[in-house]
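Line by line, the protein sequences give chains P and B.
Numbering-wise (this note's numbering), the first sequence opens with residue 80 and increments by one.
Numbering-wise (this note's numbering), the second sequence opens with residue 5 and increments by one.
Each hint should be verified, as a subset may be incorrect.
Said to hold, decoys possible - Using C-beta positions, here's what the derived DEER-type ranges look like:
#1 Asn64(B) with Ala261(P): 27 to 35 angstroms
#2 Ala289(B) with Gln575(P): 53 to 61 angstroms
#3 Asp550(P) with Leu223(B): 44 to 52 angstroms
#4 Leu223(B) with Pro393(P): 31 to 39 angstroms
#5 Leu148(B) with Pro437(P): 53 to 61 angstroms
#6 Leu223(B) with Ala455(P): 51 to 59 angstroms
#7 Ala535(P) with Pro287(B): 23 to 31 angstroms
#8 Asn139(B) with Thr528(P): 27 to 35 angstroms
#9 Pro393(P) with Ala289(B): 41 to 49 angstroms
#10 Leu137(B) with Asp550(P): 34 to 42 angstroms
#11 Leu41(B) with Asn353(P): 57 to 65 angstroms
As the list claims (entries may be wrong) - Chain B residues, not near chain P, derived (Cβ > 12 angstroms throughout):
#12 Thr11
#13 Arg17
#14 Leu36
#15 Phe124
#16 Val169
#17 Ile175
#18 Leu188
#19 Ala190
#20 Phe220
#21 Tyr234
#22 Asn254
For the record, the hints were derived by calculation from the structure and aren't laboratory data.
Think of the CB as a built atom: it goes at the ideal place given N, C-alpha and C, for glycine as much as any other residue.
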Amino acid sequence: MTGRYSRRSFLKGIGLAAAAGGLSLSGLSGIKRAAAARRFQDLPRLIYIFPGGAQPDVATVQDALSEYMAERIGATIELRAIDWGAFNDQIGLINASAENYDLAFTAPWTNNYYSNVDQEYLAPIGDLLPQLAPNYWASMTPETWEAARVGGDIYAGINQQTFVKPFGPYIRADVLEAIGAAADFNGLSSYDAMSPILAAVKEYVDNDDTLTHVTYYLDTIMVAENWGFDPVDGLLVVKSTDASAQVQIFSETDEFRQGAELVRSWLEAGYAPNDPATLGSGDEAWAAGLFAMRVSDIVKPGGNAEAESRWGVPVASKAIAEPLLTTGSVTATLNGVSSVSANRELAVQFLELVNSDPVFYNTLCKGVQGVHWDWADEAQQLIKPAGDAASFGDTGYAPNTDWMYGNVFNSYYTDPTQVGAWPETAALNRSARPSPVLGFTFDRAAVDTEVASVAAVVDEFANPIRGGFADPATAIPALNEALQAAGIGAIRDEMQRQVDEWLAAKA
Amino acid sequence: MTTYTQTIRAQKREDTDRLMNLIGRISVHLTLTILALCCLVPLLMILSASFTDEIALTRNGYTLIPSEFSTAAYELIFRSPTAILRAYAVTIFTTVVGTIIALTLMSMLAYVLSRPDFVFRKPLSFFVFFTMLFNGGIVPYYILMTQYLRVQDTVFALLLPYFVVGFYVLILRTYFAGLPEELLDAARVDGASEWRIFWSVAIPLAKPALATIALFTALNYWNDWTTPLYFIRNADLYPLQYLLYIIQSNAQAMQIQSSVGMNLGEVPTQTARMAMAILATGPAAVFFLFFQRYLIRGVTLGAFK
Chain P
80 MTGRYSRRSF LKGIGLAAAA GGLSLSGLSG IKRAAAARRF QDLPRLIYIF
130 PGGAQPDVAT VQDALSEYMA ERIGATIELR AIDWGAFNDQ IGLINASAEN
180 YDLAFTAPWT NNYYSNVDQE YLAPIGDLLP QLAPNYWASM TPETWEAARV
230 GGDIYAGINQ QTFVKPFGPY IRADVLEAIG AAADFNGLSS YDAMSPILAA
280 VKEYVDNDDT LTHVTYYLDT IMVAENWGFD PVDGLLVVKS TDASAQVQIF
330 SETDEFRQGA ELVRSWLEAG YAPNDPATLG SGDEAWAAGL FAMRVSDIVK
380 PGGNAEAESR WGVPVASKAI AEPLLTTGSV TATLNGVSSV SANRELAVQF
430 LELVNSDPVF YNTLCKGVQG VHWDWADEAQ QLIKPAGDAA SFGDTGYAPN
480 TDWMYGNVFN SYYTDPTQVG AWPETAALNR SARPSPVLGF TFDRAAVDTE
530 VASVAAVVDE FANPIRGGFA DPATAIPALN EALQAAGIGA IRDEMQRQVD
580 EWLAAKA
Chain B
5 MTTYTQTIRA QKREDTDRLM NLIGRISVHL TLTILALCCL VPLLMILSAS
55 FTDEIALTRN GYTLIPSEFS TAAYELIFRS PTAILRAYAV TIFTTVVGTI
105 IALTLMSMLA YVLSRPDFVF RKPLSFFVFF TMLFNGGIVP YYILMTQYLR
155 VQDTVFALLL PYFVVGFYVL ILRTYFAGLP EELLDAARVD GASEWRIFWS
205 VAIPLAKPAL ATIALFTALN YWNDWTTPLY FIRNADLYPL QYLLYIIQSN
255 AQAMQIQSSV GMNLGEVPTQ TARMAMAILA TGPAAVFFLF FQRYLIRGVT
305 LGAFK
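The shape of chain P in the complex, shown without the other chains (with noise of 0.2 angstroms):
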C-alpha cells in the first residue's frame, strides 16, 4: 500500500519536474525573444519580397538573421515570399500603387527589371555599391557589373552565379558504356562530329524494350550560343569574335542553315520522336527512362551529379560551345532597392551582407545552423539536415533557392558529390570570352511593333525548323522572307545604331 503510493507520488513528482521544467523553457525563450524584439524594435526594419512558397519555419530564421543584422549594419529584416504564380502580379501591383518595400528580386525573365528602371520603380545604387558594399563590388570584375548599368546607372545587385552556360550533350552513362563510345563522347568538339555516336545510340535503344528514342528533342541545338553567337535580343546576334560588333540575323547566317541541317537529318534518322507535343516535360520523359541522352543542355560543373538527382541515372556530358559572357546570362538574377524605400544606403549595406558573409547567406539560403542543417564535413563546407530530418525539405525551411539571394558561390554543399563544384564555377567565369556587347542592352521603345510581328513570324516558321519538322532548303528562305516583311530590317538597323553608339560612348 505504502509502496504503491510512494510510488504514484514519485511518478507524479517526475511529471510534475517535468512541467515546471518545460514551463521554465518556454517561459526563458519567450522572455528571450520579447527581450530581443524589444531590442529591435527602435532598428529599421527592411522588407525583401521574393518569389517562392512559404516556408512553415520562416520565422525562426527571419529572428536569427535580424540578430545577425541588427549587430553589423542596425537594421532587421522582414521576408516576404510570394508564391511563384502570384510574385510577377504582386509585385507589379506593388509598385505601381507606391507600397513601401525595400529590396525585391527582378530580373528579365520575372519582375522585369529593364522595365522596373523604365518606370522608376528600382533606385539607383551604381554610387553606393562601391562606398556601402565594397566587398560585394569587389568579387565580379568591372565589365560584369557593366551588365547591370541600364542608361549609365546600376539599378540592382547581380548575384554571382553560373554565368557562363556552355551547351552540350548529356548521355546516360551506362548506354555510353554500352556503346563503348567514350573517347569519341569526351574528345567531341562539334555537333557534326556527333552523328556517329547518335547512330550507335539508336541502334542501342532500338535493341532496348524501355528505351523508345534516343533524345527527347533537338531544338536546343539551334541557340545561337552553341554557334559562336552571343544572342542581344531573339533573332539579332552578334559573333563572339566580332570586336566591331555587326548585328546580324541569325536565321541569315551560314551556321543557322549547318545547324537546321544537321536537326533535320537527325530527326529524319529517327533520333527524336516526331510529336514531341504529348510526352510531357522533358524530366518527367527522363525519369521515365524513355531517352538515352539530351543532345544540346547546359553543361555546368556539379551539373551531371544534378541531373542524376533530376533523372535518377548516372550521366555524363560534354561542353561544346565555347564559354561566353554575355549581358543576359548576367543579369538573370538581380536584387534591386526599391525607389520608395527610406532606406537605400541599409539596404545596399544588406546586400553586401548576403553576397559576401557566407554565414549570413548560408542562414537565409539553408536555414539556422543546428535547427535546421547540421555540417556533415565542415572542411568541405558540406552539410546535411538536422536532427533525424531524412531531408532538407522536413527540417521547415528549405527554399532551394539560392541563386535568388546571392553569390553562390559561398553556399554550402548539400550533396558530396557537388563538393569543388563552386570554385571550378568561378573559374569558368572568369576564364570565360566577354562578348562584344556585354553590358549592352536593347531598347526596343522604338521599334516595339516589329518586335511584336517578328515574334509571332518566330512562332509559325522558325520553331519548325529548330525541331527538324520543317526542310531547311525551303523553309530558311521562307522565313527570311517573312522576317523582312514584319520588319525585322529595321530592328537590326535600331540596335546597330544603339549598338555603335553604347560603344562610342565606352570607347
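Fit chain B to the known structure of chain P by using the hints.
For chain B alone, kept in the frame of chain P given last:
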C-alpha cells in the same frame, strides 16, 4: 372520293411533318451530345490521368481509360491533405457568408432605388450605373484595398469585392419596381413600418429574382481566383480555385526556371496535379448535380404567383 385523297394528302403531310420533326430532334440531340462530350471528355481525361501510373502516363500519354491503374497520386496528396481541406473551408465560408451579406446589401439598395418617393433615387441610381461603365482600374483598386481599407491578407479582401455588383442591383431594382404599388400601400394602411414592408412584403415577392442573383453571386465567390492573386499572401487563406492556380503556375514557373538554368524545389508530378484538380472540382460538381433541381426550382419559384 375527294375526302379519300384529302385524307391521303393529310396523312402524307403528317408523315413528312413527323419525319422533319424526327430529323430536327435527332440533329438537336446530336449537337447537344457533341457539346456535352466536349465538356465531359477533358474531365474524364483528367480523372483517368489522375489514376494512371506516372511513368505509364509519360510513356503512353493521356487516355480515357488508365493504361496502368495506380492510386499513387492520391496517396501522395492525402499524406498532407491540410492545404486542400483548408482551401475548401475558405471557399465554402466566403461563398456562404459572402452570398448572404451581398444579397442583403444589394436587395436593400435595390429596393430603395425602386421606390419613387425616395429623394436621391436618381443620383444614387446613376452612381450605381456609372460603376458598371467605368472603374478606376486595377492600381487604384489595389491602393484602396491595401492602403485605405487595409484588408490585404484577411478574409475581408475575399468578401468585399462582390458585396455590391452594379448590374445585379439594377436587375433587382427593376424587379422591385415591377411589384404592384397597391400591395405596399395596403401594408402601409395596415400600419406596417418601412422595415416591415421590406422584409415581409417586398422580399418574399422578389424570391425568384433573389434566387437568381444569389446563384450568380455564389458562383462569383466560388470561382474567384483573381482577388486572392492580388491580395492574399498567407497560404492559410487560399481559396480552392486559387490553390489550383498556384499549383499549376508553380509548375510552369519551374519550366521557365530550368530554361534559364536554375532549379526550383519540388513540384507535384503530372498525375498529382491531375488528382488535385479532381479533388478540388469533383465534390463541387457532385454537389451541383445533387442541388441542381433545387436551384432551378428556386429560380422559377414564385413565377406563377
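Here is how each hint holds up against the structure:
no.: 1; hint: Asn64(B) with Ala261(P): 27 to 35 angstroms; in the structure: 33 angstroms, holds
no.: 2; hint: Ala289(B) with Gln575(P): 53 to 61 angstroms; in the structure: 58 angstroms, holds
no.: 3; hint: Asp550(P) with Leu223(B): 44 to 52 angstroms; in the structure: 51 angstroms, holds
no.: 4; hint: Leu223(B) with Pro393(P): 31 to 39 angstroms; in the structure: 52 angstroms, violated
no.: 5; hint: Leu148(B) with Pro437(P): 53 to 61 angstroms; in the structure: 44 angstroms, violated
no.: 6; hint: Leu223(B) with Ala455(P): 51 to 59 angstroms; in the structure: 54 angstroms, holds
no.: 7; hint: Ala535(P) with Pro287(B): 23 to 31 angstroms; in the structure: 42 angstroms, violated
no.: 8; hint: Asn139(B) with Thr528(P): 27 to 35 angstroms; in the structure: 29 angstroms, holds
no.: 9; hint: Pro393(P) with Ala289(B): 41 to 49 angstroms; in the structure: 45 angstroms, holds
no.: 10; hint: Leu137(B) with Asp550(P): 34 to 42 angstroms; in the structure: 54 angstroms, violated
no.: 11; hint: Leu41(B) with Asn353(P): 57 to 65 angstroms; in the structure: 28 angstroms, violated
no.: 12; hint: Thr11; in the structure: 63 angstroms, holds
no.: 13; hint: Arg17; in the structure: 54 angstroms, holds
no.: 14; hint: Leu36; in the structure: 30 angstroms, holds
no.: 15; hint: Phe124; in the structure: 32 angstroms, holds
no.: 16; hint: Val169; in the structure: 22 angstroms, holds
no.: 17; hint: Ile175; in the structure: 31 angstroms, holds
no.: 18; hint: Leu188; in the structure: 46 angstroms, holds
no.: 19; hint: Ala190; in the structure: 53 angstroms, holds
no.: 20; hint: Phe220; in the structure: 25 angstroms, holds
no.: 21; hint: Tyr234; in the structure: 6 angstroms, violated
no.: 22; hint: Asn254; in the structure: 5 angstroms, violated
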